[in-house]
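K.L.:
Need the complex rebuilt from these two chains, each delivered in its own frame; the hints are there to steer you.
The primary structure of each chain is shown beneath.
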Amino acid sequence: MSETLLDAKELSKRFGGVQALSEVGFSIRQGEIYGLIGPNGAGKTSLFNVLTGIYQPESGSVGFCGKSLLGLKPNQVAERGIARTFQNIRLFANLSALENVMIGRHVRTRAGVFGAIFRDAGTLAEERAIERRAVELLHYVGIADRANDLARHLPYGDQRRLEIARALATEPRLLALDEPAAGMNATETRELRTLLGGIRDDGTTILLIEHDMKLVMNLCDRVLVLDYGRKIAEAAAAEIQRDPKVIAAYLGGEVETAGAAKGTAQ
Amino acid sequence: MIAFFDTRKNPKLAWVGIALITLALLLLPFAAALVGTAWVRVLNFALLYIMLALGLNIVVGFAGLLDLGYIAFYAVGAYVYALLASPHFGLHWPFWVVLPIGAMVACLFGVLLGAPTLKLRGDYLAIVTLGFGEIIRIFLNNLNTPVNITNGPQGINLIDPFSFGSFSFSRNEKIAGIDFSGPQKYYFLLLAITVLIIVINVRLQNSRLGRAWEAIREDEVAAQAMGINTRNVKLLAFAMGASFAGVAGGMFSATQAFVSPESFGLFESIIVLSMVVLGGMGNIPGVILGAVLLTVFPEFLRYTMEPLQSQLFGRVIVAAETVRLLVFGIALVAVMLYRPAGLWPSEVRKRELTREDNGAAK
Numbered sequence: 001m002s003e004t005l006l007d008a009k010e011l012s013k014r015f016g017g018v019q020a021l022s023e024v025g026f027s028i029r030q031g032e033i034y035g036l037i038g039p040n041g042a043g044k045t046s047l048f049n050v051l052t053g054i055y056q057p058e059s060g061s062v063g064f065c066g067k068s069l070l071g072l073k074p075n076q077v078a079e080r081g082i083a084r085t086f087q088n089i090r091l092f093a094n095l096s097a098l099e100n101v102m103i104g105r106h107v108r109t110r111a112g113v114f115g116a117i118f119r120d121a122g123t124l125a126e127e128r129a130i131e132r133r134a135v136e137l138l139h140y141v142g143i144a145d146r147a148n149d150l151a152r153h154l155p156y157g158d159q160r161r162l163e164i165a166r167a168l169a170t171e172p173r174l175l176a177l178d179e180p181a182a183g184m185n186a187t188e189t190r191e192l193r194t195l196l197g198g199i200r201d202d203g204t205t206i207l208l209i210e211h212d213m214k215l216v217m218n219l220c221d222r223v224l225v226l227d228y229g230r231k232i233a234e235a236a237a238a239e240i241q242r243d244p245k246v247i248a249a250y251l252g253g254e255v256e257t258a259g260a261a262k263g264t265a266q
Numbered sequence: 267m268i269a270f271f272d273t274r275k276n277p278k279l280a281w282v283g284i285a286l287i288t289l290a291l292l293l294l295p296f297a298a299a300l301v302g303t304a305w306v307r308v309l310n311f312a313l314l315y316i317m318l319a320l321g322l323n324i325v326v327g328f329a330g331l332l333d334l335g336y337i338a339f340y341a342v343g344a345y346v347y348a349l350l351a352s353p354h355f356g357l358h359w360p361f362w363v364v365l366p367i368g369a370m371v372a373c374l375f376g377v378l379l380g381a382p383t384l385k386l387r388g389d390y391l392a393i394v395t396l397g398f399g400e401i402i403r404i405f406l407n408n409l410n411t412p413v414n415i416t417n418g419p420q421g422i423n424l425i426d427p428f429s430f431g432s433f434s435f436s437r438n439e440k441i442a443g444i445d446f447s448g449p450q451k452y453y454f455l456l457l458a459i460t461v462l463i464i465v466i467n468v469r470l471q472n473s474r475l476g477r478a479w480e481a482i483r484e485d486e487v488a489a490q491a492m493g494i495n496t497r498n499v500k501l502l503a504f505a506m507g508a509s510f511a512g513v514a515g516g517m518f519s520a521t522q523a524f525v526s527p528e529s530f531g532l533f534e535s536i537i538v539l540s541m542v543v544l545g546g547m548g549n550i551p552g553v554i555l556g557a558v559l560l561t562v563f564p565e566f567l568r569y570t571m572e573p574l575q576s577q578l579f580g581r582v583i584v585a586a587e588t589v590r591l592l593v594f595g596i597a598l599v600a601v602m603l604y605r606p607a608g609l610w611p612s613e614v615r616k617r618e619l620t621r622e623d624n625g626a627a628k
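Protein chains in written order, with the numbering used here: chain A, 1 to 266; chain B, 267 to 628.
Derived by calculation from the structure, the hints in this document are not laboratory data.
Values in this document were obtained by computation on a predicted structure and should not be read as measured data.
Quick reminder that beta carbons are idealized off the backbone N, C-alpha and C, glycines included.
There could be a bad hint or two in this list.
Below 25 Å or equal to it, Euclidean Cα-Cα: the simulated SDA-like pairs (lysine to any residue) are [as the list claims (entries may be wrong)]:
no. : chain 1 : residue 1 : chain 2 : residue 2
1   : A       : Lys73     : B       : Gly388
2   : A       : Lys73     : B       : Ala381
3   : B       : Lys616    : A       : Arg133
4   : B       : Lys385    : A       : Asn94
5   : B       : Lys385    : A       : Thr45
Chain A regions said to be covered by chain B (calculated; three or more residues, Cβ under 8 Å) [what the hints assert, rightly or not]:
no. : segment
6   : 116-122
7   : 126-140
8   : 231-240
Chain B extracted, bound-state conformation (with noise of 0.2 Å):
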């Protein structure tokens, strides 16, 4: 699969293989558009699952530090971008000022969770970052009096739709002789920022950083041993991955035009832990094939357990609802009793070796 995408030992094929999926993933949104704009917006959430799956691959995946928490700074992000670019407080910066402000903020918090938690590991790490993340939700939910910071469990309304100048993100328009709806413009911005987020993370897992993380999640012992700041490295995945999930936050916010803290539960943050694990923890195809399957397989149990029901008894039995998550639970169960390494687990990284080596490794 991944020789499929090899640039260099088989150039033509890679190159068509490239092409066929840019022009598919062009498409999409048109072809979603077909069915129901609701699939539009389910595809802009699968690819904000993808950000924040990637990021906490960063913390699980390569660090290897269970992170039970993370969604905490999607929500910071989110409520930077509602804060300041809302009628909340009067604020409306622009989405390109407050997209990077939200990321730093998220990053500053992830530091904060990371520093008291060096020493911790494994089932005790995962307990601290549980209630981390919940301590962000409850001071969300909180922060109405006596000063009102965060509007409280109303959230916040009226959220500024990215836009450039004039061209509003938001808005249905014809751009080119086509026309755009706006769940399909934030779309394209999206997708973006998606493939940007990605190169990223393949280029830090192939780097020197890279290295030092998988050695951690491998012994962190051996790792100190051989010169490598534990501290300091495992602060910086903690920071980049929460980073990552600060930016996806803002994109939410703007989307959706509206956050409160439910948004931002427990149960969001094992979502986004099952897309990390059920698609291959660490392999980054992996987590993006997880991230796309759990947005989308229970929406599509959604559209189709009960009409199902109804032609085969005539009415419906069990709620859609339910069935999603009965079925959700068994697709884990089975992945993990049948496929526990993931869906799409990492390979060895082989490496082009030649006698006098001339570097020419991907």
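The following block holds chain A by itself, in its conformation from the complex (with noise of 0.2 Å):
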């Protein structure tokens, strides 16, 4: 656990008088689960729409597995190997659960036009494939049964877990989950946990924006607080508690010691 994944430095995000990413760096580790935390409007999407190519940022770099990411569309990154959920999900609605994921698998495949017109050996065995790593997916978080359901249909909670399914279906190395716990109950967030504990075994780096402390603090290696769109602490969770900084902008300025939260705006 030491060999860097993402290597982000300096990124800056304008918009109009908003500055909402102000010279941010930070490196994620292979193997590791790296929080995302900082109050409402801290910048913490806007920093995964810079890193997944949804926003160009004004200046900056980022480095994934060495190569630079600057300059790409979301789909180069996706194929590169960054995956992501929504804050506010983002599922094909209307097509069933099972062909969400199946969805997923379109970049590590190659069909086209005339594998699905004529159907050769070659595209029938791909889709056999594909449908079966997406049930496979399924049953890895836990929502099998309900493959043939829409997707808008799903409990809250399953919409979540069919969100990385999507994702992990395109096979990333890092997998970046907005929010993942909003709106889950206290069962559902423990459940999660495990899930997301699982899939860190299992090889895949995680970022995670997170509101849940309890969740944060449980299952993060190391953290990074925004605010104001600028990096106030990054280190280990246990630290992060401590830190007077995060702790006044999460409750105030003048709460804490007002010598070690000077620089901290309120």
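P.N.:
Pasting the structure below:
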């Protein structure tokens, strides 16, 4: 657990008058669960969108497996091996759960128009493999019994799981999850924790945005804290809880010792 | 209904069903001819519209890209055939050469329209495609000066019928003891091509590409984040849809022996779009149903409204044409109110799953 998987340097992104990110730098190591926390509007999702190619940063660099991600389209980023979920679930609502996951296989398969029309042996074999893998993934996240249900008919927690299965179908090296526990009850969150731990143990590195501090502290190896688009701390989960700047960002500037909290605007 | 044709689950019932439908389709032109030759032509138009509606269904139903200028590709196909197989340029190329050329030229126009509109969605895309459709029509109308290419508003006349050597599709003929009229021969050719297009559509929908189209329709941002190259896949949807229209256009040219720009107005685009929406967007059987209903039903009204009025009131009060459009409009409004997903909406495609899954899905 030492090799660097993703290396971001001095990323900045501005929307009109709002500096969403200013010179944020961090690195994620192979095999860890890396947390990303911060108050609402701190720039967490903006950072996600910059990493996955939805936004291009004004300055800074992102390296992934030693190659730059700058200028790539989201689909190219997915091809390189970063898969993501969305804060407000974005499933293919009118397709079945199974089809959602099968679409995740798109980037790792090849069949084109002629394969589709003539259905040669290669295409048929590929189709069977896509379906087999999709079923496996539904079992893996625990919703195989809902395979033929429309995605929009699934309960909320299952939709979150389906989004994870769909992302895993792209064979990512880094799985980026945007608030996967949002709206889940305690039981569901506990199950999610087991699932994410399992995914990490199976070899996929995870980047996790989360507001549920218990989940973050239990699961994450290291945590990056953003506030007003700036990095205010990056450390092991246990240390983060004691960091005065972090406490200040969450609870307000003057509560803790003024000296330690300087530079953190309220 | 679909289970009725499921050759895996219920082979006996399914084959009987398929046999009955095939028989009905084979006998249909003869039954129609008993009522009147005009009805055979109506059947041929229904088949042409099925091709068009299925092509548009790829763009609108699968990929979710609202296209209001679709008829332009039909026009391109029709004019390619008209120019290469008529006395206008003195070219008389055989149809099996011209039809693929027509499909390819239409396909090229599909990409031409698709490329600049890749970033547009919904209303904006609809307006651009509408403009594109009009541009093509106006070009066809005006390309008679300085060099006469399209013969302008007069259109192109005396277009060659389809023929294999001495076998012409337009002549009446006795084959194997049965009398075939020209339109009946065309019916069987159109039917064969329509079946081919249906098979291609079904296979496209149940493929990696079809899923990518549906993903873009459902959520373009998520589709791209899952690694789908949305630019290429959207262009492919435009290209495939356009090439089907190109084929249909060539067939239209040949069956009518005459084309002019006024056959390709905005109203035609809207009719084809109505077929897709009314039948059930994205569902192939639904789209076919929509195309058949919207072709046959207005004709039916045309033939019944005036006699009916004479019977009831002793004279014709409202002209058939007026009633036709009125009933047409009311029917559309009613369907949209009571069956907003169309007459035959798509169902969830259920796949047979076993625990170790042997890939036995349909």
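K.L.:
Verify this for me: three or more residues of the segment 231-240 of chain A with a beta carbon less than 8 Å from a beta carbon of chain B.
P.N.:
Violated: only 0 residues of the segment 231-240 of chain A have a Cβ under 8 Å from chain B.
K.L.:
Counting residues of the segment 126-140 of chain A that have a beta-carbon nearer than 8 Å to any beta-carbon of chain B, does the count reach 3?
P.N.:
holds (count 7)
K.L.:
Could you grab the alpha-carbon distance between B:Lys616 and A:Arg133 and see if it respects the 25 Å cut-off?
P.N.:
Holds - the C-alpha atoms of A:Arg133 and B:Lys616 are around 17 Å apart, at most 25 Å.
K.L.:
How does the segment 116-122 of chain A fare against chain B when you require at least three residues with a CB closer than 8 Å, holds or violated?
P.N.:
holds (count 3)
K.L.:
Quick one, are B:Lys385 and A:Asn94 close enough, alpha carbons at most 25 Å?
P.N.:
With Cα atoms ~23 Å apart, B:Lys385 and A:Asn94 stay inside 25 Å; holds.
K.L.:
Mind checking the alpha carbons of B:Lys385 and A:Thr45 for me, to see if they're no more than 25 Å apart?
P.N.:
Answer holds: B:Lys385 to A:Thr45 is near 23 Å, not above 25 Å.
K.L.:
Given the proposed pairing of A:Lys73 with B:Ala381, does the C-alpha separation stay at or below 25 Å?
P.N.:
Given pair A:Lys73, B:Ala381 holds - Cα atoms ~17 Å apart, limit 25 Å.
K.L.:
Would you mind confirming whether the straight-line C-alpha gap from A:Lys73 to B:Gly388 stays at or under 25 Å?
P.N.:
holds (22 Å)
The structure is inconsistent with hint 8 alone, although it conforms to all the rest.
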